[in-house]
Amino acid sequence: MRSISQALIGFSVMLILAACGAGESNVVQGNRDGILHYGNGAEPQGLDPHVVTGVPENHIIRALFEGLAVKNPITLEPEPGVAERWEFSDEGRVITFFLNPNARWSNGEQVTADDYVWSWDRALHPNTGNLYAYMLYPVANAEAYAKGEITDFSAVGVKALNDTTLQVTLNTPTPYFIQLMDHYSTFAVHPETLLQFGEKTDRFTPWTRVGNIVTNGAFTLEEWSLNRRIIVKKSPLYWDRDRVSLNGVVFYPTENVVSEERMFRVEQLHYTNVVPLDKIPNYRAMPDSPYVQSAYLGTYYYLLNTDRPPVDDVRVRQALALAVDREQLVRTVLEETAFPAYSITPPDTLGYYPPRLFDYDPDRAQVLLSEAGYPNGEGWPGIEIIYNTQEAHRKIAVAIQQMWKKTLNIDVTISNQEWKVYLNSVSQRDFQVARRGWIGDYVDPNNFLDLFITDGGNNNTGFANAKYDDLILYRAPRAASREERYALFTEAETMLMEQMPIVPIYTYTSKHLIHPSVEGIYPNLMDSLNLKYVTLNPDRRLTRATD
Amino acid sequence: MRRFIFYRLLQAIPVILAVITVTFFLVRTAPGGPFDSEKAVLPEVQRALEAQYKLDLPLHEQFFAYLGDLAQGDLGPSFKYPGRSVNEILFSGLPVTAELGFYALCIALVIGVLAGVLASLKPNTPQDYIPMSLAMIGICMPSFLLGPLLVLLFGITLEWLPISGWGDIPGDKILPSITLGSAYAAYIARLSRAGMLEILSQDYIRTARAKGLPEWQVVTRHALRGGLIPVIAFLGPAFAGLLAGSFVVETIFQIPGLGRFYVQAAFNRDYTMILGTTVFLSTLIILFNLASDVIAAWLNPRLRSQYQRGTR
Amino acid sequence: MTESTVFNQAEQGSSLWLDAWLRLRRNKLAVFGGVVLLLLICIALLTPWIAPYSYEAQDLDLGASGPTSAHWLGTDVFGRDLLTQIMYGGRVSLAVGFVATAVALLIGVTWGAVAGYVGGRVDAVMMRLVDILYALPFMIFIVLLMVVFGRNVLLLFLAIGAVEWLTMARIMRSQVQSLRQQEFVEAAVSLGLSPWTIIWRHIVPNALGPIIVYTTLTIPSVMLLEAFLSFLGLGIQPPQTSWGLLISYGAETMEEYPWLLIFPGLTLTLTLFSLNFLGDGLRDALDVRGSKD
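Line order of the protein sequences matches chains A, D and C. Offset between the first sequence (1-based) and our numbering: plus 167. Offset between the second sequence (1-based) and our numbering: plus 974. Offset between the third sequence (1-based) and our numbering: plus 307.
Hints listed in this document are in silico derivations from the structure and should not be mistaken for laboratory results. Careful, some of the hints might be misleading.
[Claimed, not checked] Covered stretches of chain A (chain C as the covering partner; in silico rule of three or more C-beta atoms under 8 Å from a C-beta of chain C):
1) 432-446
2) 493-502
3) 566-576
[To be verified] Derived Cβ-Cβ restraints for the label pairs, each shown as a range:
4) D:G1047 - A:Q196: 25 to 31 Å
5) A:R410 - D:R1002: 47 to 53 Å
6) D:R1183 - C:L413: 54 to 60 Å
C-beta atoms are modelled at their ideal positions from N, C-alpha and C, and glycine is treated no differently.
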């Protein structure tokens, strides 16, 4: 009983203390000390570049590590990272990276070409179980090695010619390969550190913990409190340290987007991972708005199962696609935070524009449906949309259900499924219509179009076309010029959208709240933020929305 | 009494074993696996992952291996957070959730019992209606609503209290504790009012009143003991529910507690994590249910004598 | 002698219920609660015929708008009429509230009463079973139910009821344990009445107070549990809705569209208050000892 009363007294004291002023906000304090407070969306699974798969992990890992080449945050073109320059030879099949001799691990050792060979062996090794191993499949023999068909890594096309020269041999010329060097699955890790804690291919050793981890990026790991925060601080050994203005970054696992927005409002965060849809109109209306939106390399679409009636009929699929009023959807439910999509590849993917083959056309949709044998919805067997439980998906599904019902006079039901159940349904193709989104791993139409090759792991629709496969897998990689390559892509995409195994709905945007004091965050297609360019300007204040 | 506790603890062993067995096989039958992700997993990668986590062994072997590790206190590695063991995650989240639950329960008990007793003393008067209506509102008010309301009022409009974190900024523990505690306060108020009304109509209370004891002594010395039995019976499960229910509060206030792991483990199909949290929680539930039975027995003289005779 | 006593007991029993009914009618709040509940149930039953709009009909360009003469309680983000939504939501919420609670009540009271009355080994085994069920991971349990049996609203009700009975059983058991020692039960035992008769005729009526209170507490908690499950994708499917779901959507946008929270919230609060008044009235009316005053 005594301890209870003590706790109560303690609690009251806390309350009184707190009422005497909540103190300085994170933003004010951070601006003074050069610390960025960053809403990161979720607790990262881990920090091992060859083990993790998610976006929150990406943000932290790219602060701690650096790839051979990085993306320029404005143009997205590759610029020097660990490699100060690279050369192509043999018509683009061989790339030679020249490593910066000043590139250092955080323990002071030099980052060498051998570290890369060792790390890529680890990233590809069948025992590692790296979900992103396929990022390195353009490298000669890499795929065979990852599948265990060959066991000798020296057969894989990566060689250290000396400490600072790395030679990579590709299967075919791969125009986007340099871009992949900014993806964490291709990063180098420090071999001795890993071996100190276990085998090369172990997934769960404590080598990534504070005090153990050795990194080569602009920041080093300072604190990692599970589900609370991750703190990184500026690395004194980073080769480009003079350009780094921040003294540190605090990453918060802001899982609840509504809470995240409130944290931003009371200046506990400089930067939010997302913005709740309903808050956007208010933020837009603010003078000097902290709301930043930009096109994002991703498409939101519905998968149609081409083996399940009634969507096994191409006319039904076309009717469904034509009956969606994307303009209205974007204007109302989506609050102008997306762009209507009429194809799988987002427009302006490195200069590529997908063909636009159709429009919202209710009359034509009705005609197609009656040609398929369901005039005015008569005899319609019913159809079900599945999606994984999330507010945003629910909104889209409810609106589209209504559009289909209204335009085509057909029965449509919705079913939301718990995440893993949904994944199971999609991969087993146990659905008629399923919600799906694809975010590009790199800026190239290939990343979207190779989804639909026959039996592709992410095809999920049953779409199979030998000519399409030929275009994507053989002809496009061998195209002589960018124009020719894009023409081949257009041809393939036209075939795809004529068969309509998917109903494209919208192109994503990235949405953030960014405190006015933060400078050097450039909106771009990859939502890619390089923290080394970010600076804090304490003079700029937030106009409070509530006042 | 000691015998009673001993036997109950002895009974706990098969209970926990049963919980582990059922959970172990239950989670394996749920669709989807720990490594499923939005992007298709290549078959060779899937095989490697299963080998690393020994999921390629026959199920019964996995089960006995798990029991063996468990006997040594090892709950295994987490599937969702490679590099972290379930033990580590539990022990990082437990102090936070326990502290949150403790504050919440204190708030709930003090407010709930006080309101319930006050109401029971003068039934069907404003002294009854007002606290009971508040309790009713407390029950209608789920924490996903109360939390944001408190945040908007005290955190954003008045700027008195921090709205997220746990132990980062002074005062950040207040709003979550109140949010989590208030629903329980409402329950306790209702239960203690009912229990008290029951007892206050009993003969021995009338005797006590007839003896001319002051009302507050009648209440504290005689009535409270019996009147709070339903509350005590409720407390055991309530504490367990508190831990599981703290998920919502922990999410709203960004608290690094156990509740988030407990719920998310199920969604992630993080087998070892589900089992770990379940084993842990079932132990707690058994202990708290035992404690609430012991206290109920202690409060009820008739039962107490029975336990002391050792008839069960 | 034994026979006549039983006969008398039965007769007393029927007049007890009549007395209770008369006393209940005198309690104005309880009558109010009862009338409101009845009204809500009637509205829920008649909704398909009296709702002002179709519950699916959208007006995307209208979007979320406050109360107007066309939409008395305003519209949601899809431009759907909120009044209609609340009316349809009531069907689900009231059904889940009553069905799941009835399931919980039936299992919980029987289980707890038997365990508490019989005692000994039986009690130990029964209560340890309760412990096991308490400890199982609830989410996985629901996911499995949904996958194995498909999505079925009735199943959802049963699943919720099957979880909620545990606490009911514990409360009932502790009540029975203390009642069992009382003189009137011992008297009944010595008269040679069967345990079943004693439990149902003597113990359960005397434990009604806490049972009714806990029941009135269970109804709102199952309504909210349904909302939580639906929110996680384990409950009812959109565009179907329930009060709990309307409130949880409303809570997310309470700053922008307060009416989406206020009206469903008020409806739920009104229902719970009515239930409560009725419950308290019932408890007082059935209180045998109180009637002696």
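Do the hints match the structure? See the list:
1. As drawn, the stretch 432-446 of chain A meets chain C at 3 residues by the rule of a beta-carbon pair under 8 Å; at three or more, the given contact holds.
2. Given as covered by chain C, the stretch 493-502 of chain A passes the check, having 5 residues with a CB less than 8 Å from a CB of that chain where 3 are the minimum.
3. With 4 residues having a beta carbon nearer than 8 Å to a beta carbon of chain C, the stretch 566-576 of chain A meets the requirement of three or more and the stated coverage holds.
4. Checked against the hint of 25 to 31 Å, the pair G1047 (chain D) and Q196 (chain A) fails, with Cβ atoms roughly 41 Å apart.
5. For R410 (chain A) paired with R1002 (chain D), a C-beta distance near 51 Å keeps the hint of 47 to 53 Å intact.
6. At roughly 38 Å, the beta carbons of R1183 (chain D) and L413 (chain C) sit outside the given window of 54 to 60 Å.
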